[in-house]
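Q: In case you want the letters, here they are:
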Amino acid sequence: QKEVEQDPGPLSVPEGAIVSLNCTYSNSAFQYFMWYRQYSRKGPELLMYTYSSGNKEDGRFTAQVDKSSKYISLFIRDSQPSDSATYLCALGLTGGGNKLTFGTGTQLKVEL
Amino acid sequence: GAVVSQHPSWVICKSGTSVKIECRSLDFQATTMFWYRQFPKQSLMLMATSNEGSKATYEQGVEKDKFLINHASLTLSTLTVTSAHPEDSSFYICSARPGRSRETQYFGPGTRLLVL
Chain A
1 QKEVEQDPGP
11 LSVPEGAIVS
21 LNCTYSNSAF
31 QYFMWYRQYS
41 RKGPELLMYT
51 YSSGNKEDGR
61 FTAQVDKSSK
71 YISLFIRDSQ
81 PSDSATYLCA
91 LGLTGGGNKL
101 TFGTGTQLKV
111 EL
Chain B
1 GAVVSQHPSW
11 VICKSGTSVK
21 IECRSLDFQA
31 TTMFWYRQFP
41 KQSLMLMATS
51 NEGSKATYEQ
61 GVEKDKFLIN
71 HASLTLSTLT
81 VTSAHPEDSS
91 FYICSARPGR
101 SRETQYFGPG
111 TRLLVL
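Sequences listed follow chains A and B, in order.
Per this note's numbering, the first sequence starts with residue 1, numbered consecutively.
Per this note's numbering, the second sequence starts with residue 1, numbered consecutively.
Read the hints as simulated data drawn from the structure, not as lab findings.
Computed from a prediction, not measured in an experiment: that's the story for all the values here.
For glycine and all other residues, C-beta sits at the position ideal for the given N, C-alpha and C.
Facing chain B, from chain A, some residues (calculated, C-beta under 7 Å):
1. 43
2. 44
3. 92
4. 98
Bound conformation, chain A alone (with noise of 0.2 Å):
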């Protein structure tokens, strides 16, 4: 079993949408969660941190993080075409380097 999982997709959904991507783990010692957006042929760019379960938001972003669950997600509101991209968990835990544990990704397709 894989530390963490993540569905690949791909994911096609028409603009405007709302899309639900998650992940799941599970080792429970993982403290903090970051997810990342990757253009084709390009590095992950940031896109949210949080350390707590809950929700946190930023613009039409929101991740939640259901520790219990050990369940990670990121919804996107009001999706556009430019939100296509693949989006990339992250989990880390502190301490032994602060290395972070990456999902397979899931490739997001918004049409127009």
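Fit chain B to the given chain A structure using the hints.
A: Frame of chain A; chain B shown alone:
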């Protein structure tokens, strides 16, 4: 802020040659830099962690003599792929962590390596 650059953005080389990739944090000092490798439609695989002024820590299965990492300053880390072979062809991405942050990593744009 928090811009990381990589150079070159892509490189094609002959088998057996060595290739150096630079990673620079442009507007912050990075005590730690990370080197990742990414295959098509796969996630990032951490290769090594580089701390300024000390030896890099390599992940299991990564050959330290093949992938030489130097972190000579707080804004520059280099990855040298020695005696490159076609199976080394990949997308190499670095990230840098600001000294003020314990967790956040900012990524470079990546370097695409093709070994013929």
